[in-house]
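Given the structure of chain A, go ahead and fit chains B, C and D onto it with the hints provided.
Letter by letter, the chains look like this.
Number of protein chains: 4
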Amino acid sequence: MQLTLEQETEIKRLTAVSNSTKRSTVTALEEIIYKLFPVLDHGFIRVIDYMGDDSAIVQAARVSYGRGTKKVHQDKGLINYLMRNRHTTPFEMCEIKFHVKMPIFVARQWIRHRTATVNECSARYSILDREFYIPAQENLAAQSSDNSQGRGVSLSENEANDVLNILRTDAEHCYNNYEKMHNEDEYGNRIDENRTGVARELARMNLTLNTYTQWYWKIDLHNLMHFLSLRLHPHAQLEIRLYAEQILEMMKRWTPMTYEAFMQYRMGGAHLSSAGLEAVKRMLNGEKVSHSDVEMTKREWNELMKVLDKPEE
Amino acid sequence: MQLTLEQETEIKRLTAVSNSTKRSTVTALEEIIYKLFPVLDHGFIRVIDYMGDDSAIVQAARVSYGRGTKKVHQDKGLINYLMRNRHTTPFEMCEIKFHVKMPIFVARQWIRHRTATVNECSARYSILDREFYIPAQENLAAQSSDNSQGRGVSLSENEANDVLNILRTDAEHCYNNYEKMHNEDEYGNRIDENRTGVARELARMNLTLNTYTQWYWKIDLHNLMHFLSLRLHPHAQLEIRLYAEQILEMMKRWTPMTYEAFMQYRMGGAHLSSAGLEAVKRMLNGEKVSHSDVEMTKREWNELMKVLDKPEE
Amino acid sequence: MQLTLEQETEIKRLTAVSNSTKRSTVTALEEIIYKLFPVLDHGFIRVIDYMGDDSAIVQAARVSYGRGTKKVHQDKGLINYLMRNRHTTPFEMCEIKFHVKMPIFVARQWIRHRTATVNECSARYSILDREFYIPAQENLAAQSSDNSQGRGVSLSENEANDVLNILRTDAEHCYNNYEKMHNEDEYGNRIDENRTGVARELARMNLTLNTYTQWYWKIDLHNLMHFLSLRLHPHAQLEIRLYAEQILEMMKRWTPMTYEAFMQYRMGGAHLSSAGLEAVKRMLNGEKVSHSDVEMTKREWNELMKVLDKPEE
Amino acid sequence: MQLTLEQETEIKRLTAVSNSTKRSTVTALEEIIYKLFPVLDHGFIRVIDYMGDDSAIVQAARVSYGRGTKKVHQDKGLINYLMRNRHTTPFEMCEIKFHVKMPIFVARQWIRHRTATVNECSARYSILDREFYIPAQENLAAQSSDNSQGRGVSLSENEANDVLNILRTDAEHCYNNYEKMHNEDEYGNRIDENRTGVARELARMNLTLNTYTQWYWKIDLHNLMHFLSLRLHPHAQLEIRLYAEQILEMMKRWTPMTYEAFMQYRMGGAHLSSAGLEAVKRMLNGEKVSHSDVEMTKREWNELMKVLDKPEE
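Protein chains in written order, with the numbering used here: chain A, 2 to 314; chain B, 2 to 314; chain C, 2 to 314; chain D, 2 to 314.
In isolation and in its complexed conformation, chain A is listed as follows (with noise of 0.2 Å):
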């Protein structure tokens, strides 16, 4: 991904800035604040504004325990707890802007997490980047034969080669014909002046889903952990999982605290059914267990052996 000089000129002015609060800050987010991660291609993120932290957490929390809470809780202890119960307002009292650049197929994915607000790059007042996600080749993969969706075994390089060329291919031959449509260079002046160039609206429908777009993203802490646990799984789609896991790394970085609990209590984790649950408790009883014993479907306990480290049946 390559900036425009004003972009970076932009960032450098941003950073280079120092206002004074009472609020809050975080050190080692205003470290990172504004600059661009590269996700992909050409993606990016960046953290635009943010507002609380563990401790904002820890205070609302104690706002409903009030003085009922004669114990000194630590604020660890205490957000280990929140997090352990599933008292899950408290974190929605940390927010936290993005600026994201991703492929339109990222985006589309991204934006069924509800609780958020975003302010897109729209079609239909500007024109959109020459830019496409073409994969690295060894991302490229066939459909997966065990879960019915994501990737299985990885292609051939020649196979991989006419994939990787059929993409760049048509994406550049479907955004040639986008501009010529719309017949507007990037600084809006008509290319052709004997054409009228149709609305921009009804240009971008020959844009392929690799085309890049850009947008706000602004989400509380509660909902992103929610966004994370879904997204940074092994079955969401790789693409989308590269910016979870770049986010991860920046909620790392704001709530040091709230992110080891969630590391140990819910992506580090497993949930056991009533049937699992009753496996382990008889294995640990020293009874040898199959998965009819406890009514499970050869599927589901395979699930479990594997979460147990245990060999599949």
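These aren't lab readings, by the way, just hints derived from the structure by calculation. Incorrect hints may have been included.
Said to hold, decoys possible - Calculated cross-link-like contacts (lysine-lysine; reagent style DSSO-like; alpha-carbon spacing at most 30 Å):
#1 A:K311 / C:K282
#2 B:K289 / D:K13
#3 D:K311 / B:K282
#4 C:K307 / A:K282
#5 D:K289 / D:K307
#6 C:K289 / A:K311
#7 B:K307 / D:K299
Claimed, not checked - Covered, in the sense of this in silico footprint (three residues per stretch, anywhere, with C-beta under 8 Å from a C-beta of chain B), are these stretches of chain D:
#8 49–63
#9 121–131
#10 198–211
C-beta: ideal position from N, C-alpha, C; glycine also.
Chains B, C and D only, in chain A's frame:
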């Protein structure tokens, strides 16, 4: 839009059903439930389920007012009152579910309405149909010169034909390559035995934004009216407006009193700003007023004059 | 709880109705629709309307997976899969509406669930009924000593009687003065002709928090299960838990497959933290593990042991 | 309202802080951050944190319009445009957090605004303060005769005194018994060693609805304006209106351009129905119009005449 035999059979089966229920039913809506109403060249919308009717709104409002309201409000008067005074929660008591097929660029606008439930056909699991939106020639137009979005003057026949040619050719071409890349026919059978085929989630990024997608969409009546008020607006893109118009007809069948109130108090009226109201008052007193007398911009003044059927300045 | 004659007549009328509909219906729920189910001493809950059933969830999920899923999933298996993998939107496709009567302090907990629609009886318009929640003696208990909320040991009979006396007397006394202040009988007629009476919105502030209120409450199935998982939890206050238990029975009638999946994967199971999972794995390998081996606090460790039916440390 | 020494010290400490940040700051709001603004007899509201300012709104709007907008909009003009045309998402980009103390009956109205985050002091954990709202005498009034809610004529001094006496006495009396039942002083120490005391979650139900509670409340600017437009309305209950007025002052400091636009286009204007607009147009053409000419009810007509400063029919 052409139905598959399978779909036709399913619709016939569903519309022949007659279940018995103690819930309130709406005859005019039952008449069209499940039936497809075409929109654009391959799109459609149909009602799949609903809950509540005008009387459910009245019932919910009455639990709020309870015995405190001595006068027997007529239902219609009460619904008008609620609409006029922005008492919105009773309208949330009604719910409707649609099945919609529309081009991806329309879906992208539609999904901005967050207070609804969506289940979209996933191109990670499924192979999308070979169907693209190609505008009717009379709907091709140049970028609007006055509102920096939307459409202005029509294109010449020659230019229009060029645009339609591009849209048709590029969509077909990209779809062919999509099919070639994932290497499956519409039944999921491998086309070329010598190639693995790339995962569907990757191949789909080669599709153009006028490719059709479909989803189930469930929303309550209050939020539906909000959707309609924005998407029936002349500034909304024509393509989504055509869906909104079809939905408005369906709403008229479903909750006719609420429909009347919506047209009277939301769609048909006008909002005057503080300055606009001041201007009207002075004009009603026989004064000759210009935009500067009430500190309005010329643009706003002319918008007001248009609303009042008066000549612009 | 006693019904007015008017209410009884209305319920008789509604349950005698038999409308014809093309929508799917749920016989087991139709059997109890409109009927009052008592909760606490004067409260109740009843189903007023619903939309969708188990098959609506399956239908919405299938539009997502479409032709991409070759295997014929059985409905039950698909619902289990959705629940297990947190695919929540298909469950949002079902909607249910309740009429609930509950004490104000219960209503205050209930309304924290934001993704629902509420129309509450307004004490600005209406005169509230002379009905207060007085707990059964066996439900009076001291503050819990271990979880800083909730109840612990039972009260002595003497102390319990004192408490019940206070609750009864103060609620009655405050209601008498409420009535005196607004100066109207239950039909809205002035009681004392020599006094004006104060506005209801002011008089009501003299009522105690165990006064009953009522509302219509509409929610989708996904959010209903979230409500249930929190309000059926042993840490939830007993009074709201009793409502949740009644709702769970109603849900069992409405969407029996989803009910089974909910009990299997949400209510009956357990969530293990990263450290907890580590501990289980090591125990399954025959290791003797203590809380410090996996860096858990003693409190968390004991919670885990309880889940696994093992002795606490 | 009286502050504890502890609170005063904390506020002094916080307002003395000066952190350095790269985020945008709002000087006029920093001047009052953390400071208590009294509302009612014991209530208050104060700003605890904020994110964004007028320029954040402009920035978010510009990412939507991008290079498509050739003209350099002035910030103020752009904000006015957004407000006028209901482009609401850019206003969601600003966030503010308040600490509020208010009577429970006010909290019950407030919480109906669902798109906000709340952490309320829990009476299951904490002992509520001995503080009750007692209206000023001039705010006591009879039930309004025309809008079936709200207040009408003032009470006689005698009746007013009786009401105030009841409110004071009953609140104190109920609080005394609350304290007696849970059997703890304000530091959580047992009062009477011979009694166990009942759980706080039970004792609190004896409190009257004018008892004060408090919470942290976080909301974005768009939803805050929605809250204000409803709660500043003359039909809103006086007590919550006083909080809204204080918040409006705070908003004026925070986002002055948005404040101006809000007053101009939302608060100060008027919405004309379809029939109302028709009437105005005909009156502007010199016609004499009555309510029946445009099929308005007499009530609606008179509301319109009031808006236009014309005599009622």
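Hint by hint, here is what the structure shows:
| no. | hint | verdict |
| --- | --- | --- |
| 1 | A:K311 / C:K282 | holds, 9 Å |
| 2 | B:K289 / D:K13 | violated, 57 Å |
| 3 | D:K311 / B:K282 | holds, 9 Å |
| 4 | C:K307 / A:K282 | holds, 11 Å |
| 5 | D:K289 / D:K307 | holds, 17 Å |
| 6 | C:K289 / A:K311 | holds, 18 Å |
| 7 | B:K307 / D:K299 | holds, 28 Å |
| 8 | 49–63 | violated (count 0) |
| 9 | 121–131 | violated (count 0) |
| 10 | 198–211 | violated (count 0) |
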